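**Q** Chain residues, written in single-letter form:
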Amino acid sequence: MDKGKGVVMNRRWAIDFTDNSTVPSSRDIPDPPGFSRAPLDQDDSTLSRQKKDAEANWKSQKAWEMAQAPFKNLLMMGFMMWMAGSTVHLFSIGITFSALWQPISALQGVGKVFAPYKDSKVDLLAPKLLFIALNLGGLALGVWKLNSLGLLPTHTSDWVSSLSPAQEVEYSGGGMPLH
Amino acid sequence: MAIRVFLPLLLLFLSSSHLAFSLYEDQVGLMDWHQQYIGKVKHAVFHTQKAGRKRVVVSTEENVIASLDLRRGEIFWRHVLGADDAIDEIDIALGKYVITLSSGGSILRAWNLPDGQMVWESFLSGSKPSKSLLFIPTNLKVDKDNVILVYGNGCLHVISSIDGEVLWKKDLTAEGIDVQQLIHPLGSDIIYAVGLSGLSQFDACQINAKNGELLKHESATFPSGFSGEILSVSSDTFVASDATQSVLVLINVRDSGISFQQTFISDLVQDFSGTAVVLPSKLTGIFSIKTNAFIVFIKVTDEGKLEVVDKIDHGATVSDALSFLEDQQAFALIQHGDNKIQLTVKQGHDWSNDLLKEGIEMDQQRGLVHKVFINNYIRTDRSYGFRALIVMEDHSLLLVQQGEIVWSREDGLASVIDVTTSELPVEKHGVSVAKVEQNLFEWLKGHVLKLKGTLMLASPDEIAEIQKIRLKSSEKSKMTRDHNGFRKLLIVLTRAGKLFALHTGDGRVVWSRLLHSLRKSEGCDYPNGLNIYQWQIPHHHALDENPSVLVVGRCGCSLDAPGVLSIVDAYTGKELNHLGAVHSIVQVIPLPFTDSTEQRLHLLIDADQHAHLYPRTHEALGIFQREFANIYWYSVEADNGIIRGHVLKDNCILEVADEYCFSTRDLWSIVLPSESEKIVATVTRKSNEVVHTQAKVMAEHDVMYKYVSKNLLFVATVAPKAIGGIGLVTPEESWLIVYLIDTVTGRILHRMTHHGSQGPVHAVFSENWVVYHHFNLKAHRYEMSVIEIYDQSRADNKDVWKLVLGKHNLTSPVSSYSRPEVVTKSQSYYFTHTVKNIAVTSTAKGITSKQLLIGTIGDQVLALDKRFLDPRRTVNPTQAEKEEGIIPLTDSLPIIPQSYVTHALKVEGLRGIVTVPAKLESTTLVFTYGVDLFFTRLAPSRTYDSLTEDFSYALLLITIVVLLVAIFVTWILSERKELQEKWR
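Line order of the protein sequences matches chains U and Y.
Using the working numbering, the letters of the first sequence correspond one by one to residues 0 to 178.
Using the working numbering, the letters of the second sequence correspond one by one to residues 184 to 1167.
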């Protein structure tokens, strides 16, 4: 609004494009009746606001998109896991560990992923939560796969398989007479 | 969790490799050794007629007949007759056959002298058991056949030496004669048989050699009776001692009749007292008697007078007569001195003249001379030389010639009684540099050769060299402990009472000692060794002490004979302590407690059921008192069919107070009905067996808890009728009943009947399973059955969280009185072989899967995976069960030729298989003994925890170096290229 003010001095002529409408009292000419500057004024600010809003909208949209991205991954992972089968071999172990590793690394970089969409006006909490939730879902899928491969100690057998035999209180020896 | 990852991987390995243990041709001898022995020599026959073949044929107490090289003592050929086919006599016929008479005079065999092939065999039947005699007359022909005279089972047989055909047979039991001597005067057709009927009647018979017709039978009664044998001094003069053993009776058989002539021994020998025995010898005109102080040589003059020729020390040994030249006879005499033996060869008719007199240095550890056989040879100056084959107290065999021991054989090792092991000393640091440098070139050369071999660049000569290096690796025969625990000492007790320490690397004798306590002494006439136990195994806090073993013996054969104990240092063989003639020893129970010097506590039970604690120290007593209430013992009376459990009560009530002696009382007893059951086998777990886990994980993550108890006894009983051989009873009359008994409470945990089965039963007990071998009469086949015991009361420990948090009672001590609920699984499989012995592999931690080691009737050892004897095998196992390693059910157990542990070798007369864990978990050491010894190393699940023997470290190094160089070169090249790219 006071953009050109400082440059007005020492000029032979100048056209002041500045709009002083906001200060009607300082104007020589009164506004024609029925003319109101206010709406125009308002319009201008609305434009920039709109622009900003659009950007924010776009950001939040992107953020949501970003947040939903792991879902696709999840589906893809699920497919891969189905393909890998349930026996332990190099391929299935590789798939499972990548399925575990991806969500973990994504979760570690949550801030970084959403950094470009950071805005005071954009609420990133919800997309972040969705992102985290989906990644956790991915992680859960990985863990489930790990378990279905039998690599998680969830059965009794995993806990007792190396349990040494119980000590005996009594001791008995003997047998047939030596000969 | 880790197990679940590795199990499938392990199975993958196993299924890709061969199921069984096998080895390549060039691996033979790398980790195994085999030693051949013959046992204590009973008879020896020399044959040196042909100059090229200097051999001696011997028969031994282990029922071995062997031909030995006289130059080096090696075995040319050898035959081991069955355990119940004892050799009575051997001789040589026709100069080309070795004739053996065995089984109490009922089997006569001829073996080809050069190669030991059997030429013929005849079975001689008779009416009643008697003394057996083999007599090969020099020139007696019946129908142009050279014949052999055999007296056995009361019958006189004349057998053709060409084909073994019995030409005629004369039953002398009808005449009531027990023949003692057979005589055939040269050139006549009459055989004279002299003997006794009853105790006091002397008989002489003349038998026509052509047809067995009894020509003449004379007898005379000697009122005071005879004792022992009748010795022939000449063709018509015989010597015997009377029933009191103080009078010598000279018997003359003339045409006029039989006359007796009595001479009191005290008249001949001045300071004679007690009794005298006529020593069997075959000298003409002279004989010897043995009193408790002397051996007296007595000459029979032509007039029939007795004359004492010489009197020598009681410990001397006399050989049989040897005829040389035309009519000369010589015999050898061995007398003992300090560290020396004196060999004298004398001529029969000329006493004053010694043909030979030599002093020979003798190792004290060989003991006394037991037997001597002499043989003559012609020296280069055409005079006669003599060599003597000497059998020592420790059963070793020596050949002595020209005052020196030409060779010696440790044949005591053919009769091993018991085996235990000992660790070797820890390697001391600070090996001298010079020694390493000296070997550096050799070491480098070896590695270069090995590398060449791996890269297939080696010439045949070099390959042979590599094989030689591999076989003679000094690494395996070092006298220090190795990282893998392959090098150990095998402490072996032999029947002679000698203890040997054998090195597991190459089987050499590290030390040997004739145990003082197991030697004949005052008050202990017939000592015999029983068992060896590990007395002291130094661990962390007693490392500077040597390990020691306890040898238990007994004076005499009866159970209440006094026992002897000795403690022997396992590194040096020094007898640290010996107790002679203590209380009787019926059982020895090593307790699971040790004192501060790592001496194991042992409980010795005597015939009065008193328990004696050893070592006799206050500390041991203190430890024992603490555990007093928890120590039980049990006894199995196989003859009465009673199994009793006992508990310790308090100190014995004896005349002399003994705080180390405890009285016991009966706690329980199981009486088996004697009319229907007879105990044939009992077996328990080895007390030192290590079990890794109590749980057995099955398919679908199911868990079963093993019933692992050291107090379990497996007992097998059969119908008393079916005790004899196979074929004596019908399947309906025969049954086999097996029991699993808790020896603390006497509770029978399991009982099972096999109808139509019979013994012999061989069983092995390990972890929670028993495998036993028996004969199925219905199927006419041998069977192997398995019983696995599981603890049902633990089965409901299924809550994962409790297990994660450790809130379970699975590892808390259990008592047999808690009456665990057990379930058993069992299954039987057919097995082709007759079995002599079964053992099971044992490893350091008990993780590695088990193999059964089966000593077959062919004297080989077969390794059979325990997986084949899994009671859970089904015809169509599910996928999960297959993953678990369950083999589809088959009715018989496979015998894979590659799984013979003994590969191409035989352990003749196999009696025992001992397995000892190495330090490396995958590996176990197997020692098999019989007449032969065999040792090898086994890896039941292959060596998953170490690289193979032939792994080429050099190749690995070279690969790494080449890779590094390649990386470096490519890096430089790429740098250079990049630079050029940038300049463009």
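It cannot be assumed that every hint is accurate.
These stretches of chain U come out as covered by chain Y in the derived footprint (C-beta under 8 Å, 3 or more residues) [what the hints assert, rightly or not]: (1) 145–159; (2) 163–176.
Cut-off 20 Å, straight-line C-alpha distance, at most; resulting in silico cross-link-like pairs (SDA-like, lysine to any residue) [what the hints assert, rightly or not]: (3) K327(Y) - E348(Y); (4) K893(Y) - W57(U); (5) K889(Y) - E167(U); (6) K869(Y) - W57(U); (7) K981(Y) - A165(U); (8) K869(Y) - A165(U); (9) K120(U) - W57(U); (10) K225(Y) - I649(Y); (11) K889(Y) - A165(U); (12) K1028(Y) - A165(U).
DEER-style ranges, computed between Cβ atoms [claimed, not checked]: (13) L128(U) - D982(Y): 47 to 53 Å; (14) Q67(U) - Q1163(Y): 46 to 52 Å; (15) T1126(Y) - F70(U): 47 to 53 Å.
Think of the hints as simulated: they come from the structure by calculation, not from any bench.
Predicted, not measured: the structure shown is a model, and the values here were computed from it.
From the three backbone atoms N, C-alpha and C, an ideal C-beta is built for every residue, glycine too.
**Q** Is the straight-line distance between the alpha-carbon of K893(Y) and that of W57(U) 20 Å or less?
**A** The given pair, whose Cα atoms are some 77 Å apart, is violated under the 20 Å limit.
**Q** Check whether the Cα positions of K327(Y) and E348(Y) lie no farther apart than 20 Å.
**A** With Cα atoms ~13 Å apart, K327(Y) and E348(Y) stay inside 20 Å; holds.
**Q** How about the stretch 145–159 of chain U: do at least three of its residues have a C-beta closer than 8 Å to a C-beta of chain Y?
**A** holds (count 11)
**Q** Assess, step by step, whether the Cα of K869(Y) is no farther than 20 Å from the Cα of W57(U), and give holds or violated.
**A** This hinted pair is violated, its Cα atoms lying about 79 Å apart.
**Q** Is it true that the C-beta distance of Q67(U) to Q1163(Y) lies inside 46 to 52 Å, as the hint says?
**A** 49 Å, holds
**Q** Keeping to a limit of 20 Å between CA atoms, is the pair of K869(Y) and A165(U) held or broken?
**A** 17 Å, holds
**Q** CB of T1126(Y) to CB of F70(U), is that within 47 to 53 Å?
**A** Holds, since T1126(Y) and F70(U) (Cβ atoms, about 50 Å apart) stay within the stated range.
**Q** Regarding the pair K1028(Y) and A165(U), is the alpha-carbon distance no greater than 20 Å?
**A** 15 Å, holds
**Q** Counting residues of the stretch 163–176 of chain U that have a beta-carbon nearer than 8 Å to any beta-carbon of chain Y, does the count reach 3?
**A** That given contact holds, which follows from 14 residues of the stretch 163–176 of chain U lying within Cβ reach (below 8 Å) of chain Y.
**Q** Would you say the C-beta atoms of L128(U) and D982(Y) sit inside 47 to 53 Å of each other?
**A** The hinted range 47 to 53 Å is violated for L128(U) and D982(Y), with Cβ atoms some 35 Å apart.
**Q** For the pair supplied as a hint, K981(Y) and A165(U), is the alpha-carbon distance within the 20 Å limit?
**A** Holds, because 17 Å separates the two Cα atoms, which is no more than 20 Å.
**Q** Given the hint that K225(Y) pairs with I649(Y), does the C-alpha gap stay at or below 20 Å?
**A** Not OK: K225(Y) and I649(Y) at ~43 Å, beyond 20 Å, violated.
In this structure, the earlier hints numbered 4, 6, 10, 13 are contradicted, and the remaining ones agree with it.
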